[in-house]
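Based on the provided sequences and hints, a complete structural model is requested.
Residue numbers (the working numbering), protein chains in the order written: chain A, 1 to 786; chain W, 1 to 287.
Treat each hint with caution, since some may be false.
Unchecked claim - Reference excerpt, derived from the structure (chain A facing chain W, CB under 7 Å, subset only):
| # | residue |
| --- | --- |
| 1 | D451 |
| 2 | E647 |
| 3 | D710 |
| 4 | V712 |
| 5 | W779 |
Honestly, the hints are just simulated from the structure, not real lab data. Even for Gly, the Cβ is constructed at its ideal location relative to N, Cα and C.
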Amino acid sequence: MTLIGSSVKRVEDKRFLTGKGQYTDDIKIPGMTYACFVRSPHAHAKINGVDTSRAESMPGVVKIYTGADVAELNGVPTGWQVNFINGETMKEPKHPLLVADKVKHLGDAVAMVIADSYAEAKDAVDAIVVDYEPLPAVVNPKDAAAEGAPKVHDDLPDNMCFDWQLGNEKADVDQAIANAHHVTKLEFINQRVVPNAMEPRSAIGHYEDQNEKYTLYTSTQNPHLVRLLLCAFVLGIPEHKVRVVAPDVGGGFGSKIFHYTEEALVIWASKEIGRPIKWTAERRESFLTDAHGRDHVTTAELGLDAEGNFTALRVKTHANLGAYLSTFAPAVPTYLHGTLLQGLYTTPLIHVHVDAMFTHTNAVDAYRGAGRPEATYLLERLIDTAALETGMDPVELRRKNFIDAFDGVDQPGYQTQVALQYDSGDYHKVLDRALEMVGYEEFRKEQAALDNGKLIGIGFSTYIEACGIAPSAVVGALGARAGLFESAQVRVQPTGKVSVYSGSHSHGQGHETTFAQIVADRFGIPMEDVEIVHGDSEAVAFGMGTYGSRSLAVGGSAIVKSMDKVMEKGTKIAAHLLEANPDDLEFGEGKWTVKGTDKSVGFGDVSLTAYVPHNYPEGLEPGLDFSSFYDPANFTYPFGAHVAIVEIDKETGKVTLKRFIAVDDVGNVINPMIVDGQIHGGLAQGIGQALHEGTIYSEDGQLINGTYMDYVMPRADDFPMFEIDRTVTPCPHNPLGVKGAGEAGCIGSTPAVVNAVMDALKGYGIHDVEMPVTSEKVWNVIHGNS
Amino acid sequence: MIPASFDYFAPATLDEAFALLEKHGDEAKILAGGHSLIPMMKLRFAQPETLIDINNIPGLSYIKEEDGHLKIGAMTRESDLEHSDVIANKYPIFTDASKLIADPQVRNMGTIGGNLAHGDAANDHPAVMFALRASVVISGSGGSRTVPIDEFFYGFYTTAIQETEILTEITIPTPTGKTGNAYHKLERKVGDYATAGVAIQLSVDDDGVCTYAGIGLTNVNPTPMRAARSEEALLGSKLTESDIKAAAKFASEDCNPSADLRGDVDYKRAMVEVITRRMINKAISRL
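Here it is as structure tokens:
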């Protein structure tokens, strides 16, 4: 069998393409009610009163809860603790389920209306009068650090959640920067973006009195973690009485990793009112309350010697966490950002300092790439800028500083200055392949000769990222409040069909196909004989969910572990049936064969024997069903080289992406078509941030572009056909040799595009344009406006 | 995304529709394609008490040449304009504009009458109408009246249509002589409202002298506008590069854009100049 490595069509697409997917909002339960929220129209305001009297008497209204009604309940917690540099615990203000006293961001929930229909709930929301006393707000994390800035939490005078540092001694880095032959310095904002999953968040809470059981259907990437946080931290309800189901989920991009207040509220209130409650976000609510991504205000400096060797990197960033801490928020600007600042380079001295700030904005948390895009952006922008400033070629500058190839087997992993040990890599190879595809020398000739009123430019980005999060002991030492293993159960049915229960959760990644390929290949059975079950806490033993490109590296490895156990036991049964020694058997093409003979027994015969153990090895348990937990030995480290070519219309400033070349190394590949799709999607999001996307908050905290009319998502016509290729450097420490592909495109592409724009504009004496690089900004550069 | 409740009527004739309008007055809104009105209702920015759906009234959707005029029924869908041979051959300016309006799903429902009656300076058809010196036919129970486009737009979302009236037809004088036209808007993304848009209609005589110039601008003025000085700069001109530049400059000076997410005032004025010049040249290339 050679299913691994083959572009099998996605088995889940039949139901998605025929409209038969079953999403949370599709689920209807008899007696179900509908919830709508009263959300704050102010970023910061004191609540002097909430008048629900008129709404309560409106048709269909079942119950209205305000902040006062839930004041005794816990808030939603964060799952990661980062301490101050001085060792103090980070500040963790309560994130209440509904706000009673002071709203802290636009969209903060003040009341929940439950009614017999959505329309009635919606009408009642309009009838609730909240007496707000607006207060000054702060939206920029650097402004939040300034003296006299409006306070987000009254007991935190400096708005700081924590400060944090990583790397070499700061004094050594300062010294090296001071002594450098050349220092390239950039100050910029890595702007806040909205995840924009196609399916809005949705949750149904259903409490059943007869068995005291709660069921939460929710659009999440992470059903077991939601259950853990809900039971242990928020409501204190018994975990064995709570079932969390994440049915089909229409995209997440990180925003559905987290446990949200609405989930806790529908579960809690369902018991209170004795009826199921459904809430589904409107798109405007998604813009306001799905955890956002990025939002760093950064100063980055790269020191170089006279030959162009990097001597030191110094980074200071103000990271915006929003008003409340989301589930992974503290980890993103720290352990997922600072740890990646080695990049692909041998920079001997690195120091990063992060001030994590509260502001009057929606929470910021992991968004496709989560910290790694921010690290890659600053590094790769610094390098192309350094090349521009020193007159060196950006490709040569990278090559000069690349870490040499190492396979992680015969050569050891690469120990960085920022805590990680890279697993394996051959960085020259991806760049060489990308240059071959782009035709670099020809491009430079064309660029020099261009005379048609257009500008063209080329930009590079050679990135590394850390996926497959993570060894539990390591992340525990770094502040994670959960383990980051994965579980999988492989149940061989009596007829030889296989059910796999995975703690990973597919919300667009194609697990039902990729995982089935692995299982079918291993057991020598058709893919149709394998079913992948996920997203139900009562079907799956445990799970840590899908994010950080971890499903195949960690979840897939857990499946392999269980399959190993199946094969070990199956071999014993087969040996018994064949009256041979287990060591004399070999397995292939779906059967065990006595080596050197034609005596064999099939996988189905062995599985049937396991469940009908009439003729069976003595002392062996019946059944063929194994669970495993896999805790990885290390992160995985995909890498790649991205090249963008842009054309600029000098008269309008319009930037057109003419070509985009991506050569990625994601380790071994199970399904090339799915990996291509993941890369394409990631590129679209990364390029979207470079050229189009970004929230615009007014000074008083209003989200000016909180609709699809105003917020510019990239469209199909904004992209050329992507030119992609891969190299394969297997991961040495997981059984599949895979590294992860979900975020690579989003991590590598953003700086490549901005670098290309800056290359095109290099005659204009500027070194940076703030993202998103809109036509207007480019026009202003060309016309000499600041 | 659920509108406030409203009454819904679907009259089968214009007379029934007029009667409903007379009964409900300014509490009623006409539902044509619905692609401006319904989103506003779903966001509860608009909460009309009564909707009068005119989609069931026959005879309001057509594209025909008659009596020296191109006549377009108010309920003609954008997609009908986009795919009409008459339009493509003689009035490519409409095809230019229709292709830039929203997306195919919206164009399958959105109507030319609705696009004008909405009175939004961000819509694309008003500029085209200025370029072509169109008139709109406004009907009520007392009969019909014809209003030149220059007298149609009153202000922000307000037009010459009275509460009891319905826009029923657009009439455009068939251009004579060698004619060419073009429309383009700069947009942040496909389907966006214009950062700036320009519609051009030109006619020249056998000597290449411009005998007609119509120039309309999109989304750079509180109301849809004609670039009158630019037209004058081209009339009688041999459409030289310097005359074209002058016309483009006048358009950028005479418009009155406001700063928003699409750009600041200087940028929008500059874009009016660039697009006016480019569209004049494109119209010339189509002569």
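Enumerate the violated hints, using their earlier numbering and listing them in ascending order. Violated: hints 1 and 2.
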